[in-house]
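> These protein sequence lines map, in sequence, to chains P and X. Heads up, the first sequence is in the working numbering, so the first residue is 1 and it goes up one at a time. Heads up, the second sequence is in the working numbering, so the first residue is 447 and it goes up one at a time.
Wrong hints could be hidden among the right ones.
Under the rule of at most 25 Å between Cα atoms (straight-line distance), these lysine to any residue pairs were calculated in the SDA-like manner [unchecked claim]:
(1) X:Lys481 with P:Arg421
(2) X:Lys481 with P:Gln160
(3) X:Lys481 with P:Arg156
(4) X:Lys579 with P:Arg164
(5) P:Lys189 with X:Ser540
(6) X:Lys481 with P:His158
(7) X:Lys481 with P:Tyr97
(8) X:Lys671 with X:Lys638
(9) P:Lys286 with P:Arg421
(10) X:Lys708 with X:Lys579
(11) X:Lys573 with P:Glu102
(12) X:Lys481 with P:Leu104
(13) X:Lys522 with P:Arg421
A short, non-exhaustive set of chain P residues, derived as facing chain X with CB atoms under 10 Å [to be verified]:
(14) Arg105
(15) Met240
(16) Arg241
(17) Leu245
Hint data in this document are derived by calculation from the structure and do not stem from the laboratory. Everything numeric in this text was worked out from a predicted model, so none of it was measured. Where a beta carbon is used, it is the ideal one built from N, C-alpha and C, also for glycine.
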Amino acid sequence: MRRSCFCCRLHPSVSTSRESLFSQRIMSKVFITGLGFITSIGNDTAAVTQNLRELRHGIEVYPPFQKPEIPVKVAAPVKGFQTDSYDCEDWTYPERYRVKREILRGMGPNALYAFCAMLQAVEDAKLTEADWSNDDTGLYAASGGSPFLLGNMMQRMHSQGVMRCSPLGIVAAIAGTVNFNLVAHFKIKGASTGFSSACASSAHGVGFAYDEIALGRQKRMFVVGAEDGNMDSILPFAGMRALSLQTDPNKASRPFDVARDGFVGTGGGTVLVLESEEEVARRGVKPYCEVAGWGQASDGYNVAISHPEGTGLRSAIQRALKSAQVEPSAVDYINAHGTSTPIGDISEAKAVRAVFSPSGSKPAISSTKALTGHGLSLAGAMETGFCALALRDGFIPGSANITTIDPACADLNIPLKTEARQAEVVLNNSSGFGGANVSLVLRRTR
Amino acid sequence: MADAALNQGGSATQSNNPSKAFTVEDESALREALKRCSSAAVEAALQFRKTHDATHVPVVVIGVIERFVEPGLRPKLHAADDDLRMVEDLGIDSLTMMEIVILVEDVLQMQINNEELRNLRTVGDVKTFIDCKVRGLPPPKPTRHLPIEQIASVMPIQPPFLFLNEAAVNNQGAQGKYRISGQEFFLQGHFKDNPVMPASIMIEAIGQLAVLALLEGVIPVDEGKVVDPKTIFFTSCEGVRCHRICRPGDVLTLSVKPKRAKMPLATFEGSIRVGQEKAVIAEEITLTYGFMDAIVAPAVVAQTTAPIQAEEPKASAPVSAAAGA
C-alpha cells in the first residue's frame, strides 16, 4: 500500500512538496462537488447566490421575540418552514420535500433543514444512492442540538412522568441529532461523527472531512451544519449580552461597523459534498472549487471571549496556508468569522493583520453574517458553501450594512459592495467557544 | 424499575380515581391528544372517560393504532381482523408501539409497563390486553411464539419425525406451521414417483402440535406440577376427514384447540389448512398424559457456588412416540 509511505512526510530528510504527494498519489486532492442550502437567505443555490451578490439579508423582526420582557427583537429565521410546534406533525415545509412521519419524529427542526439540504446536495452533485451508500462515503455533522425539543422533553418528564416522554425525544434533541438522522436515513456506511466546538463546529467538520479524503480513508464526505435558529436556540445568548438589541433588521448585523452591538441569530442547514480527485474524474463532474487545506489552533484564553490579539485565529490561518502551501499574498478573499460583536470582530481584524501585513498583501475581507446572521454550528459549513459559490461564479461578496467602518478595522480591505471579480484563493475563518479557531483554504478550479 | 420510576414521576397527574369529575379542561386536553385520530375514536374516548364503560375501549385503541399507521396501510385496519400483526402487517416498529402506548396511557388514564408490551403481536392482542387493563382483570397469558429450536428443546419427539417448523401457543390453543420440504424420508416410497404427504403423518403432525400445547400449559395443571413429557401418548382420534392432497412445497398451517381435559386424558380438535384451503379436519384427538413436580428455578442469588442444573427438564427427555400413526 502506498499510503504507508505517508509517514515519510514527517521525515525531514525526504522532500515532500504538496504537489509531489499528489502526483505520487500519496495524498488526494479534495473538491467540493455539491451544495445544499436551507438558510435565512435562500433555500437553494440559485437564491443564495443572488442574495449574496445583491447583499440582501434574511433578517426580520421576529414575531416570537415581540414581548416586553425580551430585549432582543430581530432574528434571521429560515423561510418556507414552520417548525414552532413540539409536535413534528404540525410542521410545514416546502412542497418539494416529503418526509415520512417515522423519519420526522426523530428530528428537531435542525435535522429537517439538514435533511432537505442533503436532498439538494446529492442532486446537485449528481450522486445516486449507490454512490453514497458504501464504505467509502462518510458524513460529518454539527449542530447544537435542539434546545427547543430538549426543554419540552424535560418539562414533560418532570410534569407527566418519565415514561411519558417521546421515545425518540433524545434522538431528536441532543447535539448529535443531525448526524444520527442523516447517517441512518441516507444509509451512510463510511466514517461518521459530530463536532461540538460551537461556532467552529462545522468548519472542523470540513477540515476533518478534508483529512479523511486527502489521506485516502474515504472517497467522499458529506459535511453538514444545522441549527434550529428559533427562540430556544438563540435567546440564551442574550444572557451573555452577545445578541444585537437593534430593532431595525437593516442595521442589526453589521460586522466591522463602529456601531455593531452583537450578533443576530439564525438557523437552517447546509450540506457540502467533498470528493477525491479520482472520484471527480471518474464521475466526470465539474467541482465548485478545491478544498486546498486547513488549519486550527486554540486561544487557551477564555471560555467565551476571543483572545484580544486573535492569537489562536492567527495561528489557525498560518497553519491553513502552510497546509495548502499558499503564500499570504496569494489570498484574494477572506470570508470572516465576523459575527458583529464588538470584541470578536476586532480580534479577528488583528489576526488577519498579523498574517497578511508583513507581505503587504490586502485580501478583500467581508462577513456574510451581515446577511444571514450567525448560524453557530451551521456557520462554518454555510460560509464554506458561500465561498464555493463565489469561486464558481466569479464574485466577492461585500460586507453589508456598514455605515461607518470601525477605525480599528479601517486599514483592512473591506469591500462594502459585491465585487465582480474572480478570486483564486479564498480563506474561510470560524471561531468557537473555548477559543477554538479554524481556517479553511479554498481554491478555484478551472 | 419502570414502574418505580413512573410512580415517582407520574403519580401526581394520574387520575385513576373515577370519582374525579371529567372537566371541560380534561375534555379539551383529550381532544388535543387525539386530534389526529378518527372522530369515532375521540367520541369513544370521551364516553369512556365520562362513564368508564369498557365497551368503548376497542374503538379508542383501534383509533390510536390507526393514527400511527402509514395512511396506505390504514384500510387493513377497517377489515376488523384481530389477527393483523402489528409489525409485519401494519409496519409498526417497537418505537411506534411505544408512541401508541403513551397515547393510550394518556387517553385512558392507565399505566402500562414495558414487560406487558413485549408479547403484543396482533391487533387482537393489543385490544384484549387493554380491555383487561381497563376492567381491572389480569391480562391473558400472552401468545408465545416458538421457533424450531425451542420446539425441539421442549418436545419428546425429535427430527426426522418432528413435523413443526414454528408454533404459537396461547390460552385458546396452538397454531403451527410445517413446510413439506420434499426431503422427508417417507416421501421416497409414498408414492412411487409421486410424493404425497401421508394422511397418517398429517394426523401425526396435529398430534404433535397437541403435545406441544400440553407441554406449554394449555390445560390446567395442579399446583406445583407440570405435564411430564415422558407420559404423553396417543390414545384415539375421531371424525378424521382429509380434503386435499398435500405435496412438497405446501405449507401446512396446523391448529389445535383443547375441548376437554381431565387427567389422564386431554382431547383436542384439530385442523390443517394450506393457504385458505381445508386439508384435514380431526374432530377429536385424545392424548394421555401425567404430571411431575415442577422444578422451581432457584432464585438467583449473587455468587452461588453450586452450578445450577439445567432448569428445563423437558429438554433432556428421551424421545418417545406420541401419536401412533
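> Each hint: holds or not?
Hint check results:
1. X:Lys481 with P:Arg421: 56 Å, violated
2. X:Lys481 with P:Gln160: 19 Å, holds
3. X:Lys481 with P:Arg156: 19 Å, holds
4. X:Lys579 with P:Arg164: 18 Å, holds
5. P:Lys189 with X:Ser540: 24 Å, holds
6. X:Lys481 with P:His158: Holds. Lys481 of chain X to His158 of chain P sits at ~24 Å (cutoff 25 Å).
7. X:Lys481 with P:Tyr97: With a Cα-Cα distance of about 24 Å, the restraint between Lys481 of chain X and Tyr97 of chain P holds, given a limit of 25 Å.
8. X:Lys671 with X:Lys638: 48 Å, violated
9. P:Lys286 with P:Arg421: 20 Å, holds
10. X:Lys708 with X:Lys579: 31 Å, violated
11. X:Lys573 with P:Glu102: 23 Å, holds
12. X:Lys481 with P:Leu104: It holds: about 18 Å lies between the C-alpha atoms, which stays within 25 Å.
13. X:Lys522 with P:Arg421: 62 Å, violated
14. Arg105: 8 Å, holds
15. Met240: Met240 of chain P check fails; min Cβ-Cβ to chain X is 32 Å, beyond 10 Å.
16. Arg241: Violated - the Cβ of Arg241 of chain P stays beyond 10 Å from chain X, reaching only about 36 Å at its closest.
17. Leu245: With a closest approach of 36 Å, the Leu245 of chain P hint is violated.
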